[in-house]
Structure formats: structure tokens, C-alpha cells
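Engineer: One letter stands for each residue in the lines below.
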Amino acid sequence: MNLYEKIKIIYPQLEDKDFFTVIHLQNDSDGKGDYIAKWEHPTLAKPTDEELA
Amino acid sequence: MASIINASSSGAGGLISTGDSSGSLQLQSNGVTVATIAASGVNAGIQMGAAFAPAFSAYSTTLTSASNATWTKVTFNTEEFDTNSNFASNRFTPTVAGYYQVNVCISGPSSTTGIIAVNIYKNGASFKIGNAISNITVGTYVVAAALIYCNGSTDYIEAYAIQSTGGTANVGSNSVEFGFSASMVRSA
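Chains as they are written, first to last, in the numbering used here: chain A, 7 to 59; chain B, 521 to 708.
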């Protein structure tokens, strides 16, 4: 399961447009995988590492 | 050849000039040609030395795999030109301070749902987002272009893409028709 799918399970109300604007998941193509580069959602808190584990 | 005016700092320093009958003029700093001026020929006008006006163009022969809704750095494994060796590891780090015209064009997957977009990153962060296209039923391409200041030392530029077809999909450049390029427009 990738990071996007994990976040959608935690916050199913998120829409894809949120990931173009207030939330940026990022992958630097360096083999380290996806990570949260920006989380500026006005009402939903950034998931913790424990929630994403 | 050319007539030369050299601003030298060796010894007592000063201007050193030599002349010939070529009709072109080289402006040098410590013996290094910064610009050449000519009134005719294929290099007519003011030609900046390659090291003082960096430009590059790159593309890739393979696509980049991107997770759904995740900004993913696009890789470029083939250089068309790189006048000052400032492009490496999918990153443009110009060593001359100035304003650079940056262009990115990438291809996207075919899907009846979702969006593809491209983004110019500066120093590892989203900087100038290009156009986004939805309902990419036959595959498509998106572009981003911007005039960006780079400080000539630490600033660097990269290209990222995003797709939201619902799963992992390929984005990026897979032919010379797509690519990533930049050129100095003027110095700082």
C-alpha cells in the first residue's frame, strides 16, 4: 500500500484535488519512496508516523 | 581569430589589446573570453562565452513511475546539450547568477479518469506549476514554463509531475519530443 492509499484510509473524505493543492505527496526518484512534502489542509491534521505505519 | 581586449589582473594589471583584420572583437577577463562581438557572419551580434550563459536540454528514453496523486521527480537520462555542464542527476544547477527561462514538457498515461500536471521545482520545493489536463483518454502531454532567478551557486531546478489515474502510472519523457531545458536570459 502506498502513501496515498494509507492517507485515503485515514481520511476518506479527501479528494484528489486536495493532493494538487493543500497536500503535496512527493517522491524524489531517489529510491526513498513517497513522503509528505506539504500538509496545509485547513481542517485535517497531518497523519502521524504511527498512523501511517 | 579576433581583435582582443583583455582586462588583466596579472602583474600591474590593466588593458591588453591585440588586433587583427577579422572584424570581430573578443572581450576577455584575465585571458578568458567572456563575449565576442561581430557585425557579420553566423555569429553576428554579441555572443556570450558558453560558460557565462549556461543552457541545457535533456530528455529521457524511459518513463518515470509515479504513485497516484504524488508529485514525482521526472528523470532525464539523455542530454542534447549542456553548455556549462550544469545539468546532472536530473537537476539544473547553473553556476552563473541570473534569470533563466525554464521549460518542461512531459507525457502522461492514457486513462479515462484523473489529471496529469507538471511542476517546476526550485531548491526541492514546488515553485511554478504548469497546466493540468483531465480525462487523458488517449495520453497527452503537459507543459510548464517560467522565468526563474538562480543565484549561481546553491539554487537548483528540477521537474516534477503528478497523475491521478487511480494507481501507479508512468509519466515523464520517453523521447526527444519531450524534455527539460533552460537557458540564461540575462545575468543578475
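Careful: at least some of the hints might be erroneous.
[Said to hold, decoys possible] Straight-line Cα separation of at most 25 angstroms, DMTMM-like style, residue types lysine to aspartate or glutamate; simulated pairs:
1) A:23 x A:46
2) B:642 x A:56
3) B:648 x A:36
4) A:44 x A:21
5) B:648 x A:56
6) B:642 x A:36
7) A:52 x A:21
8) B:648 x A:22
9) A:23 x A:57
10) B:648 x A:57
11) A:44 x A:56
12) A:38 x B:697
13) B:642 x B:602
14) A:38 x A:57
15) A:14 x A:57
16) A:44 x A:22
17) A:44 x B:697
18) A:23 x A:55
19) A:12 x A:56
20) A:52 x A:22
21) A:14 x A:34
22) A:44 x A:24
23) B:648 x B:599
24) B:642 x A:46
25) A:12 x A:46
26) A:52 x A:11
27) B:648 x A:34
28) B:648 x A:21
29) B:642 x A:57
30) B:648 x A:55
31) A:12 x A:36
32) A:12 x A:55
33) A:12 x A:22
34) A:44 x A:11
35) B:642 x B:675
36) B:642 x B:697
37) A:14 x A:46
38) A:44 x A:57
Since the hints were made in silico from the structure, they are not lab data.
Engineer: All hints, please: hold or fail.
Structural biologist: Hints and how they fare:
no.: 1; hint: A:23 x A:46; result: holds (13 angstroms)
no.: 2; hint: B:642 x A:56; result: violated (31 angstroms)
no.: 3; hint: B:648 x A:36; result: holds (22 angstroms)
no.: 4; hint: A:44 x A:21; result: holds (16 angstroms)
no.: 5; hint: B:648 x A:56; result: violated (33 angstroms)
no.: 6; hint: B:642 x A:36; result: holds (17 angstroms)
no.: 7; hint: A:52 x A:21; result: holds (15 angstroms)
no.: 8; hint: B:648 x A:22; result: holds (19 angstroms)
no.: 9; hint: A:23 x A:57; result: holds (22 angstroms)
no.: 10; hint: B:648 x A:57; result: violated (31 angstroms)
no.: 11; hint: A:44 x A:56; result: holds (18 angstroms)
no.: 12; hint: A:38 x B:697; result: violated (29 angstroms)
no.: 13; hint: B:642 x B:602; result: holds (19 angstroms)
no.: 14; hint: A:38 x A:57; result: holds (19 angstroms)
no.: 15; hint: A:14 x A:57; result: holds (12 angstroms)
no.: 16; hint: A:44 x A:22; result: holds (15 angstroms)
no.: 17; hint: A:44 x B:697; result: violated (32 angstroms)
no.: 18; hint: A:23 x A:55; result: holds (23 angstroms)
no.: 19; hint: A:12 x A:56; result: holds (11 angstroms)
no.: 20; hint: A:52 x A:22; result: holds (16 angstroms)
no.: 21; hint: A:14 x A:34; result: holds (21 angstroms)
no.: 22; hint: A:44 x A:24; result: holds (11 angstroms)
no.: 23; hint: B:648 x B:599; result: holds (23 angstroms)
no.: 24; hint: B:642 x A:46; result: holds (19 angstroms)
no.: 25; hint: A:12 x A:46; result: holds (18 angstroms)
no.: 26; hint: A:52 x A:11; result: holds (15 angstroms)
no.: 27; hint: B:648 x A:34; result: holds (17 angstroms)
no.: 28; hint: B:648 x A:21; result: holds (22 angstroms)
no.: 29; hint: B:642 x A:57; result: violated (30 angstroms)
no.: 30; hint: B:648 x A:55; result: violated (29 angstroms)
no.: 31; hint: A:12 x A:36; result: holds (21 angstroms)
no.: 32; hint: A:12 x A:55; result: holds (11 angstroms)
no.: 33; hint: A:12 x A:22; result: holds (14 angstroms)
no.: 34; hint: A:44 x A:11; result: holds (17 angstroms)
no.: 35; hint: B:642 x B:675; result: holds (7 angstroms)
no.: 36; hint: B:642 x B:697; result: holds (24 angstroms)
no.: 37; hint: A:14 x A:46; result: holds (16 angstroms)
no.: 38; hint: A:44 x A:57; result: holds (17 angstroms)
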